[in-house]
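Novice: Residue numbers (our numbering): 1 to 414.
Just so you know, the hints here were simulated from the structure itself, not pulled from any lab data.
Glycine included, C-beta positions come from ideal geometry on N, C-alpha and C.
It is possible that part of the hints are untrue.
As a list, the in silico DMTMM-like pairs of lysine to aspartate or glutamate whose alpha-carbon atoms are at most 25 Å apart [to be verified]:
1. LYS282 with ASP263
2. LYS282 with GLU292
3. LYS145 with ASP121
4. LYS287 with ASP263
5. LYS145 with ASP167
6. LYS145 with ASP62
7. LYS155 with GLU176
8. LYS346 with GLU375
9. LYS145 with GLU292
10. LYS153 with GLU120
11. LYS226 with ASP167
12. LYS142 with GLU32
13. LYS153 with ASP290
14. LYS226 with GLU196
15. LYS155 with ASP131
16. LYS387 with GLU292
17. LYS288 with ASP368
18. LYS84 with GLU38
19. LYS84 with ASP131
20. LYS89 with GLU32
21. LYS153 with GLU196
22. LYS223 with ASP233
23. LYS84 with ASP67
24. LYS280 with ASP290
25. LYS153 with ASP131
26. LYS89 with GLU103
27. LYS226 with ASP131
Pair ranges (Cβ atoms, derived) [as the list claims (entries may be wrong)]:
28. VAL401 with ARG241: 48 to 54 Å
29. GLU57 with GLU292: 47 to 53 Å
30. PHE164 with ARG241: 53 to 59 Å
31. LEU126 with TRP178: 56 to 62 Å
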Amino acid sequence: MTRALISDDNIARQTALGPVQLGFVAGVILRERIPAFERMLWRACRGNVFLRQAEIESPLEDPSTGDQVFKSVFIIFFQGDQLKTRVKKICEGFRATLYPCPEAPADRREMAMGVMTRIEDLNTVLGQTQDHRHRVLVAAAKNIKNWFVKVRKIKAIYHTLNLFNLDVTQKCLIAECWVPVLDIETIQLALRRGTERSGSSVPPILNRMATFEDPPTYNRTNKFTKGFQALIDAYGVASYREMNPSPYTIITFPFLFAVMFGDTGHGLLMFLFGGWMVLKEKPLAAKKSDNEIWNIFFGGRYIIFLMGLFSMYTGLIYNDIFSKSLNVFGSYWRISYNFSTINTNKDLQLDPSDKDMYLQIPYPLGMDPVWQLAENKIIFLNSYKMKISIIFGVIHMLFGVIIGLWNHIINYIY
């Protein structure tokens, strides 16, 4: 507030003029309710009250809703107890907050000093609380990663314990599970280590049971083969003791992609992108992104890496880099036509049996760059790629049939 609502000197001067006894109430009210509040006081009290108000510049927090609201401070002067009762009821109706205010100037100054002292004490306490909270949060930030790991481990442990069944005596837990035979010794060692660290006197019992149920399929994977195994599992999971085609897919899938893709330039881009994800896999995995598309790319980083590598190889075979040919070794074709022959003939062909036109030596690597100038370049190369893809595709399908036959024989025997 920029100015006082009432001056102590004015009150002292007015009281000295006569024995007029005026009462007053002071409080705060929402700023938008001031016009209606003033009209209600004027009509209910028949103009026998005097209202002064001033706007509070900074917003205040509403204790009921927590919102920031703008309020105004007011003081009302009146004469008599009836008007006092009527004014207080109107203030309650408009939800104004009334504050006690002494009548004597000295008492008001003393109260103001007490309020200022309390405000300073509260600011000191709030500052110390803020500093303490900051120190606690800084200390917690150093251990937040370890806490996340511990909480996830505890959650996984209790999730596993929820799958257990209570014994009849209600004193132990029993569970049935499938474990790989090669990991039984590792599990027993882990159980003994857990018993020693927990200080338990009763060790856990691991008993191997006989069952006629079909065991579930378990395929050991690492960070390299995990993506290829997920690719195979997307089409179907092999039954127990069936041959897993994932190791063969490590070569066949990127190679068949490269046969159909066949561009050194675009393959180089894929190779660099996959290589970047492979080199930065630890920091990228630590971010734990929730982006589904990124997780698909990152999970198949080795697939993208190999697809780019094989595409670079097939692109060299096709002599195709960004749909252009490389003239590294020079063309083995020679054009012996003169200008008169070219001008008088609409269509001309290069005869491979003519030694003057072809050197009779295969091109060292890939396609001869002269195909870049041929009118039937697209037709020839597309037909060439399609035929090669069909040949390798049929071989791949026959290999899959052989694996299926082997699995059928093994399952029939067992």
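Novice: Indicate, hint by hint, whether the structure satisfies it.
Specialist: Results for each hint:
1. LYS282 with ASP263: Not OK: LYS282 and ASP263 at ~30 Å, beyond 25 Å, violated.
2. LYS282 with GLU292: Since the Cα atoms of LYS282 and GLU292 sit roughly 18 Å apart, the hinted pair holds (cutoff 25 Å).
3. LYS145 with ASP121: 38 Å, violated
4. LYS287 with ASP263: Measuring from Cα to Cα gives roughly 33 Å; hence the hint is violated.
5. LYS145 with ASP167: Roughly 37 Å separates the two Cα atoms, so the pair is violated.
6. LYS145 with ASP62: 38 Å, violated
7. LYS155 with GLU176: 20 Å, holds
8. LYS346 with GLU375: At roughly 13 Å apart (the allowed maximum being 25 Å), GLU375 and LYS346 satisfy the hint.
9. LYS145 with GLU292: It holds: about 23 Å lies between the C-alpha atoms, which stays within 25 Å.
10. LYS153 with GLU120: 47 Å, violated
11. LYS226 with ASP167: 38 Å, violated
12. LYS142 with GLU32: Outside the cut-off at roughly 48 Å; violated.
13. LYS153 with ASP290: Holds: LYS153 and ASP290 sit about 20 Å apart, inside 25 Å.
14. LYS226 with GLU196: It is violated: about 34 Å lies between the C-alpha atoms, which goes past 25 Å.
15. LYS155 with ASP131: Outside the cut-off at roughly 33 Å; violated.
16. LYS387 with GLU292: 36 Å, violated
17. LYS288 with ASP368: 48 Å, violated
18. LYS84 with GLU38: This hinted pair holds, its Cα atoms lying about 15 Å apart.
19. LYS84 with ASP131: Since the Cα atoms of LYS84 and ASP131 sit roughly 47 Å apart, the hinted pair is violated (cutoff 25 Å).
20. LYS89 with GLU32: At roughly 19 Å apart (the allowed maximum being 25 Å), GLU32 and LYS89 satisfy the hint.
21. LYS153 with GLU196: Cα-Cα ~19 Å, so holds.
22. LYS223 with ASP233: 16 Å, holds
23. LYS84 with ASP67: 31 Å, violated
24. LYS280 with ASP290: 18 Å, holds
25. LYS153 with ASP131: 33 Å, violated
26. LYS89 with GLU103: 21 Å, holds
27. LYS226 with ASP131: Violated: LYS226 and ASP131 sit about 48 Å apart, past 25 Å.
28. VAL401 with ARG241: 48 to 54 Å: 19 Å, violated
29. GLU57 with GLU292: 47 to 53 Å: 50 Å, holds
30. PHE164 with ARG241: 53 to 59 Å: 29 Å, violated
31. LEU126 with TRP178: 56 to 62 Å: 59 Å, holds
The structure fails to meet hints 1, 3, 4, 5, 6, 10, 11, 12, 14, 15, 16, 17, 19, 23, 25, 27, 28, 30 from the earlier list, while all remaining hints are met.
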